[in-house]
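Taken in sequence, the protein lines are chains D and S.
Heads up: the first sequence begins at 1 in our numbering, then just goes up one per residue.
Heads up: the second sequence begins at 1 in our numbering, then just goes up one per residue.
In case anyone wonders, no lab produced these hints; they're calculated from the structure.
Hints may contain errors.
[To be verified] SDA-like mimics (lysine to any residue), calculated; alpha carbons at most 20 Å apart, straight line:
1) S/K340 / S/E165
2) D/K269 / D/R303
3) S/K340 / D/P203
4) D/K212 / D/L123
5) S/K340 / S/H393
6) D/K212 / S/G322
7) D/K269 / D/L312
8) S/K388 / S/A280
9) S/K419 / S/Q258
10) D/K269 / S/L398
11) S/K340 / D/R207
12) S/K340 / D/V213
13) D/K212 / S/G331
14) D/K212 / S/R306
15) D/K212 / S/A447
16) D/K269 / S/Q258
17) S/K388 / S/L369
18) D/K269 / D/A310
19) S/K419 / S/G331
20) S/K340 / S/H371
21) D/K212 / S/L398
22) D/K269 / S/H371
23) D/K212 / S/A280
24) S/K419 / S/A375
25) S/K340 / D/E204
26) S/K340 / S/I142
27) S/K419 / S/A280
28) D/K212 / S/I142
29) D/K212 / S/A330
30) D/K212 / S/L369
31) D/K212 / S/Q258
32) D/K212 / D/L312
33) D/K212 / S/A304
34) D/K269 / S/A346
35) S/K419 / S/P318
36) D/K269 / S/A320
37) D/K212 / S/E165
38) D/K212 / S/A375
39) D/K212 / S/H393
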Amino acid sequence: MNSPALAAPRQGGRRNFWQDYSLPLGYAALFVVLALTVNGFFSAVNIVGLLLSVAQIGMVACTMMLCLASRDFDLSVGSTIAFTGVLGALLLQHTQSLVLAIGGGLLAGALIGALNGALIAYLRINALIATLATMLMVRGMAFIVSHGQSVGISDARFIDFGDAQFAGLPAPVLLAAGCFVVFGVLLNHTVFGRNTLAIGGNPEAARLAGVKVEQLRVWIFALQGLVTAMAGLMLASRITSGQPNAAQGFELDVISACVLGGVSLAGGKARIFGVLVGVLIMGTLANVMNLLNVDVFYQYLMRGLILLAAVLLDQLHSRGGRA
Amino acid sequence: MSALQFEQVSKHFPGVRALDGVSFTAHAGRVHGLLGENGAGKSTLLKILGGQYRPDGGRLLIEGREHRFASAGDAIRAGVAVIHQELQYVADLTVTENMLLGRLPRRFGFVDRRAARARVAACLRETGVELDPDARLSELSIAQRQMVEICKAVLQDARVIAFDEPTSSLSHRETEILFRLVRSLRAQGRTLIYISHRLEELYELCDACTIFRDGRKVAEHPAMAAVPRERLISDMVGRELSDIYAYRERALGAPRLQVRGLGSAPGGPIRTPQDFHVRAGEVLGFFGLVGAGRSELMRLLYGADRRGSGEVRLDGQPVAPGGPLAAIEAGIVLCPEDRKEQGILAQASVAENINISVRRNELRAGLFLRHAREAERADAFIRRLRIKTPDRHQAIRLLSGGNQQKAILARWLAEPGLKVLILDEPTRGIDVGAKNEIYGLIHEVAANGCCVIVVSSELPEVLGIADRVVVMRDGAISGELPRGQASEAAVLSLALPDMNPGDKTP
């Protein structure tokens, strides 16, 4: 996965070896320990299952990274997953057209994202509030269009998307991997990515340097919506139905993964490789706790603790650098 | 016995020796100036004095007693107050609450407002500062907020008060008020440390001075008045700088930039339409008091704020209004006034700061960055402008002000279609050596036929580098003077509001 596309040119400041690699090395160590100690962890079936379990989070984490890097926030992704899944399923039921179902779902997602972006960029509503509002509205829409019922999918062609396998890997995993590559390139090798970091670091300075800040924000959110819709349709395909109450709390998992991966909520800092590791850590821990039959209640507790620990560790690093 | 004494104080940071065995002594009832270029070690010294840094070696004595501050609170308790450039206050609290922050008098567990107010009012009276104890800090000017901070130091009975470039954002009149206050503190027998880049101020205020260079003390003058200016400058930069402005007479071209009827959108700061022009190869100075509307007019020209009226023509062609990017593409660029908040992308590297704009012209397939070319460009500018940085990957916020400014200049010098370079306070908070280099660049850009507009509150700077000076007052251009006629008195009479007898607004 560590293709040249993901090798980030340094964004600012020199980091020492530990700051650069402590997270992936930590993960590698964790992985080895788990492989040696936990029965059933290190098997092809389990690893593929692990990857599959974080495919949706991984996809959305890519664009959430851009949001956070631009010092914004998006709480509406969970609702968008549910809504686009329901919408796709409904369109499929009524039209039997795969193109309309997928196209309609993606378009709806992109529009929700663009709406978020416009509210934040042009009407200057705080991102937390704006996306909290759209989170509620979109969840409401999902219930309204589905009349609160799950919408079944019987079209085999649509279901095949989620079940397809290439080279032993399920399609959702490959799609997520594709997202990491595409957004890694976007972040590190295009003006879009660079300007995203710039507006996160200092929007006024970026504007005076010629960055069209408002437009860029709308694009970031539209992309977020589009990718979220992809995740939503993928989920619908896998569970063969559009569920209006799906993916509750999903946004927090995605943001946790990004923060674990070293994305700064203060904006201006992001690394795609870090986000990938963050997503994998989340998935691995859930997987292992399931293998060890840890009670689901304790899993919540553990996840919170690990998030805190990771953030504290990162703060220690940066404090050390400040003398 | 000396009031404040540093003995062989050293402080190292990874890769930098910020202070190297520095000793100096300041006496009670005197103002002691600290001079030096940025990075010479003055600020490190103040941070040690204020308890923010712990020295690696040496001793700090206050009234003969050795102190080791572990925190800023320790310093305050030992009677030391440092007035930093970035003031430290709570905007939504009142003058009284700010001055007694953390030490509000209490009665039965509740804040005793009356006692608090009385103490603050007495302190304000004693120091001769006219301020309403109940005003919120957010309603006050920067100068008044600074007064609050100084009075807070007095209220804490600080025996040693250190000022770090206190006048950098004050107007002439506010500076006068500050000086009066500093002198009265001196008369009370306090020990005052004063850092500034403005030599005029140091001569006016200081009794003695110490000069730093590269973390070492290079000279000490117990009687400030006896030291010639040239001596101070050569001590500071370590070489002779005869004429820092480096002005050369040149032939100017035809008018290149023409601005007609430029005004803000309704409610904006430029209420009446303004006209001016700049000739090819000309350096046009814009002078005015703080709040005269210079920066605001430049922001309109650049498209940073919305234009209400007016037309901008460049080489006869109209420049359509449409935000900074449109201006940049037309060849008009701006180095903003507030370098930290509006200029640099603080978290990004030097290379990123240089390339952010120009890279749009050279994308591969209209999308992908050319990393090699960007690196080459960054390195070339770092060499050419002598930007002091370990390499192009260094985060720009770690550079000194002068080097940050050079990097922003590089960002615009890299534009192949550069026609109009607008510099707003280009040398604020920058040391003499870097100033000299920036003036050199300004002349170099002008010599290539570009228009250069320099906005500055420093009169000597405007007079020193400009071919022509435009003066603003109250949001409008009040006059212009060619270089030959632009004397200090002539410019000031255009800049100052019409004086009525008895007009004494602070």
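Taking the hints in turn, this is what the structure says about them:
no.: 1; hint: S/K340 / S/E165; verdict: 16 Å, holds
no.: 2; hint: D/K269 / D/R303; verdict: 23 Å, violated
no.: 3; hint: S/K340 / D/P203; verdict: 12 Å, holds
no.: 4; hint: D/K212 / D/L123; verdict: 16 Å, holds
no.: 5; hint: S/K340 / S/H393; verdict: 19 Å, holds
no.: 6; hint: D/K212 / S/G322; verdict: 11 Å, holds
no.: 7; hint: D/K269 / D/L312; verdict: 17 Å, holds
no.: 8; hint: S/K388 / S/A280; verdict: 31 Å, violated
no.: 9; hint: S/K419 / S/Q258; verdict: 12 Å, holds
no.: 10; hint: D/K269 / S/L398; verdict: 16 Å, holds
no.: 11; hint: S/K340 / D/R207; verdict: 14 Å, holds
no.: 12; hint: S/K340 / D/V213; verdict: 18 Å, holds
no.: 13; hint: D/K212 / S/G331; verdict: 17 Å, holds
no.: 14; hint: D/K212 / S/R306; verdict: 15 Å, holds
no.: 15; hint: D/K212 / S/A447; verdict: 32 Å, violated
no.: 16; hint: D/K269 / S/Q258; verdict: 41 Å, violated
no.: 17; hint: S/K388 / S/L369; verdict: 26 Å, violated
no.: 18; hint: D/K269 / D/A310; verdict: 16 Å, holds
no.: 19; hint: S/K419 / S/G331; verdict: 5 Å, holds
no.: 20; hint: S/K340 / S/H371; verdict: 26 Å, violated
no.: 21; hint: D/K212 / S/L398; verdict: 27 Å, violated
no.: 22; hint: D/K269 / S/H371; verdict: 19 Å, holds
no.: 23; hint: D/K212 / S/A280; verdict: 30 Å, violated
no.: 24; hint: S/K419 / S/A375; verdict: 25 Å, violated
no.: 25; hint: S/K340 / D/E204; verdict: 10 Å, holds
no.: 26; hint: S/K340 / S/I142; verdict: 17 Å, holds
no.: 27; hint: S/K419 / S/A280; verdict: 9 Å, holds
no.: 28; hint: D/K212 / S/I142; verdict: 31 Å, violated
no.: 29; hint: D/K212 / S/A330; verdict: 16 Å, holds
no.: 30; hint: D/K212 / S/L369; verdict: 18 Å, holds
no.: 31; hint: D/K212 / S/Q258; verdict: 26 Å, violated
no.: 32; hint: D/K212 / D/L312; verdict: 35 Å, violated
no.: 33; hint: D/K212 / S/A304; verdict: 11 Å, holds
no.: 34; hint: D/K269 / S/A346; verdict: 11 Å, holds
no.: 35; hint: S/K419 / S/P318; verdict: 14 Å, holds
no.: 36; hint: D/K269 / S/A320; verdict: 35 Å, violated
no.: 37; hint: D/K212 / S/E165; verdict: 35 Å, violated
no.: 38; hint: D/K212 / S/A375; verdict: 24 Å, violated
no.: 39; hint: D/K212 / S/H393; verdict: 25 Å, violated
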